[in-house]
Amino acid sequence: MYSEKVMDHFSNPRNVGEIENADGVGEVGNASCGDIMKISLKIEGDVIKDIKFKTFGCGAAIATSSMVTEMAMDKTLDEALQLTNAAVADALDGLPGNKMHCSNLAADALHEAIKNYREKQG
Amino acid sequence: MYSEKVMDHFSNPRNVGEIENADGVGEVGNASCGDIMKISLKIEGDVIKDIKFKTFGCGAAIATSSMVTEMAMDKTLDEALQLTNAAVADALDGLPGNKMHCSNLAADALHEAIKNYREKQG
Amino acid sequence: MKQVYMDYNATTPVRPEVLEEMLPFFREHFGNPSSVHWAGRQVSGAVENAREQVARLINCSPAEIVFTSCGSEGDNMSLKGTVDALRDKGNHIVTTTVEHPAVLSTCQYLEKNGCEVTYLPVDEHGMIDSAQLEKAITEKTILISIMWGNNETGTLFPVEEIGAIAQKYKVRFHTDAVQAIGKIPVDVQKANVDLLVLSGHKVGGPKGVGAVYVRRGTRMTPLIHGGHQERNRRAGTHNVAAIAGLGKACELAGERIEGDYQRVRDLRDRLERGIMERIPEVKLNGHPEKRLPNTLNVSFAYIEGESLLLNFDMKGIAASSGSACTSGSLEPSHVMGAMGVEIALAHSSTRFSLGPDNTEEDVDYVLEVLPPIVERLREMSPLYKKKA
Amino acid sequence: MKQVYMDYNATTPVRPEVLEEMLPFFREHFGNPSSVHWAGRQVSGAVENAREQVARLINCSPAEIVFTSCGSEGDNMSLKGTVDALRDKGNHIVTTTVEHPAVLSTCQYLEKNGCEVTYLPVDEHGMIDSAQLEKAITEKTILISIMWGNNETGTLFPVEEIGAIAQKYKVRFHTDAVQAIGKIPVDVQKANVDLLVLSGHKVGGPKGVGAVYVRRGTRMTPLIHGGHQERNRRAGTHNVAAIAGLGKACELAGERIEGDYQRVRDLRDRLERGIMERIPEVKLNGHPEKRLPNTLNVSFAYIEGESLLLNFDMKGIAASSGSACTSGSLEPSHVMGAMGVEIALAHSSTRFSLGPDNTEEDVDYVLEVLPPIVERLREMSPLYKKKA
Ligand SMILES: Cc1ncc(COP(=O)(O)O)c(C=O)c1O
Ligand SMILES: Cc1ncc(COP(=O)(O)O)c(C=O)c1O
Chain A
833 MYSEKVMDHF SNPRNVGEIE NADGVGEVGN ASCGDIMKIS LKIEGDVIKD IKFKTFGCGA
893 AIATSSMVTE MAMDKTLDEA LQLTNAAVAD ALDGLPGNKM HCSNLAADAL HEAIKNYREK
953 QG
Chain B
833 MYSEKVMDHF SNPRNVGEIE NADGVGEVGN ASCGDIMKIS LKIEGDVIKD IKFKTFGCGA
893 AIATSSMVTE MAMDKTLDEA LQLTNAAVAD ALDGLPGNKM HCSNLAADAL HEAIKNYREK
953 QG
Chain C
27 MKQVYMDYNA TTPVRPEVLE EMLPFFREHF GNPSSVHWAG RQVSGAVENA REQVARLINC
87 SPAEIVFTSC GSEGDNMSLK GTVDALRDKG NHIVTTTVEH PAVLSTCQYL EKNGCEVTYL
147 PVDEHGMIDS AQLEKAITEK TILISIMWGN NETGTLFPVE EIGAIAQKYK VRFHTDAVQA
207 IGKIPVDVQK ANVDLLVLSG HKVGGPKGVG AVYVRRGTRM TPLIHGGHQE RNRRAGTHNV
267 AAIAGLGKAC ELAGERIEGD YQRVRDLRDR LERGIMERIP EVKLNGHPEK RLPNTLNVSF
327 AYIEGESLLL NFDMKGIAAS SGSACTSGSL EPSHVMGAMG VEIALAHSST RFSLGPDNTE
387 EDVDYVLEVL PPIVERLREM SPLYKKKA
Chain D
27 MKQVYMDYNA TTPVRPEVLE EMLPFFREHF GNPSSVHWAG RQVSGAVENA REQVARLINC
87 SPAEIVFTSC GSEGDNMSLK GTVDALRDKG NHIVTTTVEH PAVLSTCQYL EKNGCEVTYL
147 PVDEHGMIDS AQLEKAITEK TILISIMWGN NETGTLFPVE EIGAIAQKYK VRFHTDAVQA
207 IGKIPVDVQK ANVDLLVLSG HKVGGPKGVG AVYVRRGTRM TPLIHGGHQE RNRRAGTHNV
267 AAIAGLGKAC ELAGERIEGD YQRVRDLRDR LERGIMERIP EVKLNGHPEK RLPNTLNVSF
327 AYIEGESLLL NFDMKGIAAS SGSACTSGSL EPSHVMGAMG VEIALAHSST RFSLGPDNTE
387 EDVDYVLEVL PPIVERLREM SPLYKKKA
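Residue numbers (the working numbering), protein chains in the order written: chain A, 833 to 954; chain B, 833 to 954; chain C, 27 to 414; chain D, 27 to 414.
Chain A extracted, bound-state conformation (with noise of 0.2 Å):
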């Protein structure tokens, strides 16, 4: 069902964990569709110098959370703002059809934690 490249991320996932002191944190979906994601950042410059995640869902969910860490590590803010979710997706080889619904937040979660780092640094 799922593709190598998600079963090596939900298998090994990417920098899970909760940064203490986070610059900006993200978090989006909600317990009743199964997938809520935690996205912590730290932040130097312009740049995002740490990235960590917490995800409660689905191999996709775990998968894309690991990848989106992946794909912002050391990126700008205004890098890191054009990921979407289905950049995401296909850094992953792709989702299962009926996955791409509620599963595929992480690009989301991401936008949260730089939204919230802004507003912080207002």
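If you're looking for bench data, these hints aren't it; they were derived computationally from the structure.
Hints may contain errors.
[Stated by the list, open to error] List of simulated lysine to aspartate or glutamate pairs, EDC-like, C-alpha gap at most 16 Å: (1) A:K907 - A:D878; (2) D:K28 - C:E54; (3) C:K316 - C:D339; (4) B:K884 - C:E405; (5) C:K341 - B:D840; (6) A:K884 - D:E405; (7) D:K341 - D:D388; (8) D:K138 - C:D114; (9) D:K341 - A:D840; (10) C:K28 - D:D110; (11) D:K138 - C:E54; (12) C:K138 - D:E186; (13) C:K138 - D:D114.
Given the structure of chain A, go ahead and fit chains B, C and D with the ligands onto it with the hints provided.
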């Protein structure tokens, strides 16, 4: 589906044919129900001295025809009139349920033949 | 004793390659394809592979194949599912008088529930007239249900003409192709079919499995509601082994249709000629040319069909009959009736349906055994005497 | 890698004796039991033998058994067939909120077609209240449809009480016993059942076959119209091999129900105890006592079910989940919802369903593998962090 006795009478039917100058002839059934039986009799005094049948019909029809000729042979006419379709079926160790209706007419044909004889006698 | 099976239209043996395909799915790979774990993954590919094999045989896309449990289910699903889904569009069905009971009884049921059904008559060869079909279509017509090839006579209907008419009047076209599949090329695009039904056990596959081609975008209420299998068109745990077997049978049918059925046609023709030459007063039932290559239906005048079959059977020959006594009802074949076959001849009708395992030797054996049986039974028949 | 199958409620491997019973019917004895010749006679006995075997398991007479293609078909046939046949008597059905989709989706379809359906609620153990059932019955009630044992939680309904209520109000009683058959004794007389549905592949038989017990004299419209098979209750060529297999599976189930399921119950209890001892914050879903002996459904708080299953799967363990991601829909299990399980815990629900092939070693392996997986996934969960 059929008992051994039915198959025996079906594959080796007794008394097939038509008696020339028969004393009585009876025919029952019709093509639309798929069974026609014709019985012809040679009668001496009050006794059936010879009996033959011709039948268009299924296995049960042929077997019951054959059996009724065996049962009626050498019987008096009154005895022969006592023979019922049910008795013929019993003598064959029974017929399948769906064959009780249409194919089981042999005794009727016999009775018709006797009636025909008595009518000719006046 | 020699056994000659000439009842392939009733059912067929499972081909060895098909059985081999099925065997792993009973014990080793027994999973439910809906499961996410290894036991499910082991088998979901087999179901999708079979879907492609079936699709290839009839020239559609795999997503248009819905697996069912048999031809009868497919026919019921197509008819009832269409009537329920298109209720707002109309309530009129056009079919023929010679459909399989799976279609006819369903139509009768639907009539009791507010449908109107036109049963097109057939001529003495069991053939319909396309002009009559066209005339029968009204504003309320939602479905044309006409079989591809008739199971009793083998008569082949002009499906491409029917498809064109269906397209012209924008009416859905369902065809019961249970007997055509594997015997002649079947192409749902060419015939412009919307719903096509097939059954595994008529084509060297297992019993208990079938498929319906449902043209993309065809609205239809399921017959079996429940789980999400088959894109919500047919609930129930997939019958993996049988589905894999059906797929393989369709693949084989596709590869072999030409070779096998030229051979089968030759055998059938040899049987037909042989019977006509050796036995007087035999009537062919069905179309002389437009006919399934394996089917021969004849009436041996003056003899009731079941007694003929039992005599064949005593010689190891398996065939079937349109007589009342073998149909499970009290009436002889409705197909013979619709063709205007005289009632006694209807009771006499006998179907030989050949298949890829038959040989010339089989045919010659039948031709040797048949005449004395017919002779003996005619001697026993009051009808024969009368006419002689 | 070690493979441990604990998803017997999804499907079971065919028992070796069952497969052996089936094999002759694919090629050697391939006939259609409706045929009058040798090929038909060879197999009609097998169908009738299987009917007796199924009848014996549930204590009815063979003539009351109708063979179908699966449990879903049986449920659809029972519900739709009753509604159609008893239209003059009423249009009200009483069922529960936790039935299998084969019943629930059918009820929803029937509601669109003029039926009224009362869905009885369940308590936190998934249990109904018989008093509520009694209150729900009206003048128009024609059918009570309540399952014998729930497939997700294993909760067993009080079928004898339900049967008594059905009798008191003269309402037909249908029960989906797909999960109960072979796991606990099922007696249609004791429970006063009118219609009972079972499925082959849940009891060591093949997929693609099932049966419905139809109490003598029960008026019901067929779901599949057509030929005269099954006393006109279900058309379609008999799936002889699968029917023979179902018969054998029922025979074996009858012989082994006590031994097998005491063993299975012990294993299930060992697993349950082991999980509760080793892992904190685990919630049992289902009735603590009134439960199928093989079923354990638990929610591992803070973890979504599919990711748990995938991790199990990487260790060779096959189980199932009530999470939305494995149900094929977007909602988590309707059963968890009906029991009032909090939505995150519903997504976490995991079902282990054991069977006769499981061993103590299997259980101990699961107990060894499970805790680190749960630990790791909880570490990854934003919900866990919040509460910790
Ligand atoms: C309680 C219950 N009813 C019905 C079914 C449907 O059975 P089948 O898959 O044979 O159609 C199942 C299994 O999926 C079930 O567990
Ligand atoms: C033309 C036709 N349609 C439908 C069927 C029904 O198929 P099944 O027996 O698979 O239900 C048959 C065979 O009996 C058939 O010949």
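Hint-by-hint comparison with the structure:
1. A:K907 - A:D878: 8 Å, holds
2. D:K28 - C:E54: The given pair, whose Cα atoms are some 14 Å apart, holds under the 16 Å limit.
3. C:K316 - C:D339: This hinted pair is violated, its Cα atoms lying about 29 Å apart.
4. B:K884 - C:E405: Given that 16 Å is the threshold and the Cα spacing comes to 12 Å, the pair holds.
5. C:K341 - B:D840: 15 Å, holds
6. A:K884 - D:E405: 13 Å, holds
7. D:K341 - D:D388: 12 Å, holds
8. D:K138 - C:D114: Cα-Cα ~14 Å, so holds.
9. D:K341 - A:D840: Roughly 15 Å separates the two Cα atoms, so the pair holds.
10. C:K28 - D:D110: Between K28 (chain C) and D110 (chain D) the Cα gap is close to 49 Å, so the pair fails against 16 Å, i.e. violated.
11. D:K138 - C:E54: 42 Å, violated
12. C:K138 - D:E186: Not OK: K138 (chain C) and E186 (chain D) at ~37 Å, beyond 16 Å, violated.
13. C:K138 - D:D114: The given pair, whose Cα atoms are some 14 Å apart, holds under the 16 Å limit.
Hints 3, 10, 11 and 12, counting from the list given before, are not met by this structure.
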